[in-house]
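Go by the hints and put chain A onto chain X.
So the protein lines, in turn, are chains X and A.
Residue 167 in my numbering sits at position 167 of the first sequence, with consecutive numbering throughout.
Residue 7 in my numbering sits at position 7 of the second sequence, with consecutive numbering throughout.
These are calculated hints, taken from the structure and not from any lab test.
Some hints here could point you the wrong way.
Copies of the same chain look alike in the list, so a pair counts if it works inside one copy or between any two.
As the list claims (entries may be wrong) - Taking lysine to aspartate or glutamate pairs in the EDC-like style, the calculated list, with each CA pair at most 20 Å apart, reads:
id, residue 1, residue 2
1, Lys25, Glu14
2, Lys222, Asp131
3, Lys226, Glu96
Protein chains: 2
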Amino acid sequence: MTLYIVGIGPGGRENMTLKAIETIKKCEVIVAYTPYLNYIEDLIEDKEIFSNGMRGEIERCKKAVEFAKSGKDTAIISTGDAGLYGMAGPIYELAEDIDIEVVPGVTAAFSAASELGAPIMHDCALISLSDLLTPWDLILKRIKMAGEGDFVIALYNPRSKGRPDNLKEALEVLHPFRDDATPVGIVRNSGRDDKTVKLVTFDTIPIEEIDMKTVLIIGNSKTYIKDHKMITPRGYENK
Amino acid sequence: MTLYIVGIGPGGRENMTLKAIETIKKCEVIVAYTPYLNYIEDLIEDKEIFSNGMRGEIERCKKAVEFAKSGKDTAIISTGDAGLYGMAGPIYELAEDIDIEVVPGVTAAFSAASELGAPIMHDCALISLSDLLTPWDLILKRIKMAGEGDFVIALYNPRSKGRPDNLKEALEVLHPFRDDATPVGIVRNSGRDDKTVKLVTFDTIPIEEIDMKTVLIIGNSKTYIKDHKMITPRGYENK
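So that you can see chain X by itself, here it is in the shape it has in the complex:
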């Protein structure tokens, strides 16, 4: 049997791929972080479910592998893309002797970008500010390198109660490489009905308002605002 690692996109049904939907429909068992069940409840009424809460990732992965080993097609659910900060890594690290298939999805940075205009367009760095599994110094080094390389930068997991100051510190490291007027897009609950979209500048980022459900997109040196949209031109020379 196969263990499918399914990226369901940012949350709304419309941004799910056909394959994600069909894979969930055909599996016998669904394994998910409990709040994600809401996004797919109409697809899983007749299925065996294992779900749990925050920090339960590894237990979910182990359960999913067990279900697949016991002969049941199983889908383990990630939001966004399963291969970026999702479940594909832990599953491949853990699993032995089962078929595994990753179903890609729309990741939060691109969903947020679509709601902001065309802020990415060009070479970009995707960085998580969660230091739960990554040394904070390495994260800050990446921020610096992405700043120096004039990448558009998308920040995942920018701020939580447990680490309220990470974002502030990251922005301080980035400051030498970005004008105060650099456009910054802030999208909370991207792709969901209750999304909020805000456009600010580098020197006016409302740090206190930002939480784990938010993605920040920080422009490169060419990014500008036009008619309330954030635009990074495709050509570097012609702007």
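Using the frame of chain X, we list chain A on its own:
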């Protein structure tokens, strides 16, 4: 009327989002690079079509804006995600006084990643080696920064007849930051029926085989191979 900038994902129908399909279905006019029409032909039989060839991007954008201005819901098609090296930027740069909506999609890096295992997982840099619109020195600087920051690196447009040596040069810049044994995934025609997937190491990249239809994913310092899959562990400390 609305101009929709639609990312159809890597090519196969299964990786399109519901919204991309529904948007194409409801539009009166479709604007596309001619070869992309193949991916959606069954959806567009009754529609007005404008398509053209390579280097025709700006003409397509102008046409799409004209159609929308003339009162017709119009979809302009990008493969992958429309907001990364796609049509969202040029449209927003050109357009005035029309409604625009970007429909995000699965970009090639994540599609290729799903076919390789879990090679991205962590902070990553997406870089195009096309120097048509970007100074080559800036691209090389980004390669260096991404190398130094130990990002997983996805290379788009890695090599073409017009610039056969860009990839080689980029890899030389990256060399000081990557062990020879670093896993590298090479996926051609990701997400399509005729895809090919290859797993090599940094010192054995078959440069001559690589073309514009290929995406390369170069691991970070923790990436490893297990059972013919490329895996970047999620945790930095626990490996």
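Results for each hint:
1. Taking the shortest Cα distances, lysine 25 and glutamate 14 sit within 20 Å of each other both inside one copy (16 Å) and across copies (14 Å).
2. With identical chains, the CA atoms of lysine 222 and aspartate 131 are at most 20 Å apart between copies only, with a shortest distance of 16 Å across copies and 30 Å within one.
3. Within a single copy, lysine 226 and glutamate 96 get their C-alpha atoms only as close as 52 Å, which misses the 20 Å cut-off; across copies the closest is 10 Å, which meets it.
The structure meets every hint from the earlier list without exception.
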